[in-house]
Amino acid sequence: MALPRIGIGRALAYVAALAVSAFVLAPIYLITIAAFSSFDAVYEYPKNLIPKEATTETMRVFLDSEGVTDSLRRSAYVAAITIVVCLAIGTPAGYALARFSFRAANPFQLALVSTRAFPLIIIAIPLAVTYLRVGIDDTVYGVAMAHIAFTLPLTVLVTASVFAGISYELEEAAMTLGCNRLSAFRRIALPLAFPGVAASAIFIFVTSWNEVFAAAILTFRNRTLPAQLLAALDTSPLTYRLAGGFFLLAPALVVIFFIRKYLLTTWGRVAR
Amino acid sequence: MADIRFEGVRKNFGKFAAVDGVDLEVKDREFVVLLGPSGCGKTTLLRCLAGLERVDDGRVFIGDRDATDLAPRSRRIAMVFQSYAVFPHMKVYDNIAFGLRMQKESKAVIGERVRSSAELLHIEDFLARYSSHLSGGQRQRVAVARAIATKADVLLMDEPLSNLDALLRLEMRAELKTLLQSLDATTIYVTHDQIEALSMGDRIAVMNKGRIVQLGNPLEVYDNPADTFVGGFIGTPPMNFLEAQVSSDGTTSTVEVSGGSFTFESDAAALAGHNLLLGIRAEAIGVETAAADGLVRAKVVVLEPLGSHNLLTVRCGEDTLKVSISAELFPLVDADVWLRLEPARIRWMDRDTGMAIPTGAERLATEAAVVIS
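Top line first, the protein sequences correspond to chains A and B.
All residue numbers for the first sequence refer to the working numbering, where the first residue is 1 and numbers rise by one.
All residue numbers for the second sequence refer to the working numbering, where the first residue is 1 and numbers rise by one.
None of these hints come from the bench; they were simulated from the model.
Among the hints, a few may not be true.
[Stated by the list, open to error] Pairwise CB distance ranges, derived in the manner of DEER restraints:
#  : chain 1 : residue 1 : chain 2 : residue 2 : range
1  : A       : D70       : B       : D69       : 54 to 62 Å
2  : A       : F220      : B       : Q103      : 55 to 63 Å
3  : A       : L63       : B       : H133      : 18 to 26 Å
4  : A       : F108      : B       : G14       : 19 to 27 Å
5  : B       : R54       : A       : D70       : 53 to 61 Å
6  : B       : L183      : A       : F108      : 43 to 51 Å
7  : A       : V20       : B       : S38       : 40 to 48 Å
8  : B       : K15       : A       : F203      : 36 to 44 Å
9  : A       : A88       : B       : A71       : 52 to 60 Å
10 : B       : S38       : A       : L12       : 41 to 49 Å
11 : B       : A71       : A       : R221      : 17 to 25 Å
All C-beta atoms in this analysis are idealised placements derived from N, C-alpha and C, irrespective of residue type, glycine included.
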């Protein structure tokens, strides 16, 4: 009886895995084939699940639309700035949180979490007013700053847990072998934390790339891609929206594809 | 050249005094074991020497330098950690080479030293592997090879064998002792395993509650424990302690324990005025099967055959004693036996302070040791 039971359990696990995959992949698949179909195919009903022909017609029209390539470029800038600043500040902060016991470490952690408790809508108007006053409204840096504010607290918490998982004895061993604190961090803790830090970089990227609300209220002419799409949503054809959707999800998928090794691998062996 | 000196070293964690005023001098190339139960401050003391903990008070000298405020890397020490702390993202070769690279040694020197250290630990075949592909014992060898590769003046070992299984530990103990004898380093070795301490150290510093309670060579510490804690902590089984009264007429002394009394030819003046505890090792008690003068009657509670000898638990009046007897003797449970408490092997303790009472007989045991060279 034992063997078939395991077989059924396995089968159920596969079914469940397939169901979850299908749930996640179905919209991605539909958007992707729509983005690479002709106009007629997009409007066709009932839909063909297997595209008859792949064309770049829809894509070309989308990319040639007013402001799209500029907004793509701005989105990339914003994401890059957000990642660099978040990691530059968040990684050392997470390290400090994991390694050193200091007064108010717990309240500090709570404060980090609580920044996520304020709905953006509440601070939207004051934020916009402040931006106008300081003169950083409608700039890439302004949007990046807002994104940094959203993602930095979580970066600190995630990297803190990553560093907490790396034994401090390893760094102490490096120190007895000739390292100071800084070089022990650079040669031991940082390489070991790399998969975790890479994962949090992906998280930052996806958050920034898809963030629409702050980008929409803080920019007017210099919009990022999600803000641009939102602004054009009412007035644009279905093909434009689908192609835009594809551009919002594709980079995240590509990045995750190339970096998945670091998400799943602990040194020399796949994490189970 | 590196002798080590602790002067009044203190280390507190909050209100808890982990190291509570330690003075200790270790000679150049000596092998000193810090022995004590967990939480006694032995690892903290070692970490103070390594520079991984700052001392709150007192000074630490390594060689002729005051190392109290030096960073770990400036102390010319190497350390083997309990968890081994082998770098998981580096191959074995790079692990062993790490300290040498930090010292900016030439490639040729690094290659030479890595190879010779690896050969000493018999891991030369694993140099290209990552530590995740090594067994615990092999990882332990990598940690030791990494520590000896830099030829540090002082070698610190924090319970290096405690994570190995029993057989491997026995094997590694002898191997490590041989290896350390061939090196020129002064070694401080932390363990809670008294057998390890007895078998490896030139001297043992027994620690309890942040202090060194006894410092001496293994035989001294075993035969003449400084107090009831040391007697109870060292030795398997631990030292037997019995409440006793001693009366003396100047030449003959009579000892009364709860199970009976016996006499010995000696003045017991040093014992007068103390509430006495009679401390005696299991193997210092003779067992006879018939009553005679100077023997104390006891009843067998349990017999544990251990192969090399038999361990007997007996009830003697109010007291329970562990007695080790020849492997050929098998007294039955509940049988009466008569115990000979060897007067020369008795360690008298003050029941109130727990401290040993010096009687002048202590030197006998170590003088009896025969050194074959």
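To see whether the hints hold, each was checked on the structure:
1. Take D70(A) and D69(B): their Cβ atoms lie about 59 Å apart, and the range 54 to 62 Å holds.
2. For the pair F220(A) and Q103(B), the beta carbons lie near 60 Å from each other, so the given range of 55 to 63 Å is met.
3. For the hinted restraint 18 to 26 Å between L63(A) and H133(B), the CB-CB distance of approximately 49 Å leaves it violated.
4. For F108(A) paired with G14(B), a C-beta distance near 20 Å keeps the hint of 19 to 27 Å intact.
5. A hinted range of 53 to 61 Å holds for the C-beta pair R54(B) and D70(A), which are about 56 Å apart.
6. Under the hint 43 to 51 Å, the C-beta atoms of L183(B) and F108(A), about 47 Å apart, fit the expected range.
7. Checked against the hint of 40 to 48 Å, the pair V20(A) and S38(B) passes, with Cβ atoms roughly 47 Å apart.
8. With their beta carbons about 41 Å apart, K15(B) and F203(A) fall inside the hinted range of 36 to 44 Å.
9. Between A88(A) and A71(B) the C-beta distance comes to about 26 Å, which lies outside the given range of 52 to 60 Å.
10. The hinted range of 41 to 49 Å is satisfied by S38(B) and L12(A), whose Cβ atoms lie roughly 47 Å apart.
11. At roughly 55 Å, the beta-carbon separation of A71(B) and R221(A) lies outside the given 17 to 25 Å, and the hint is violated.
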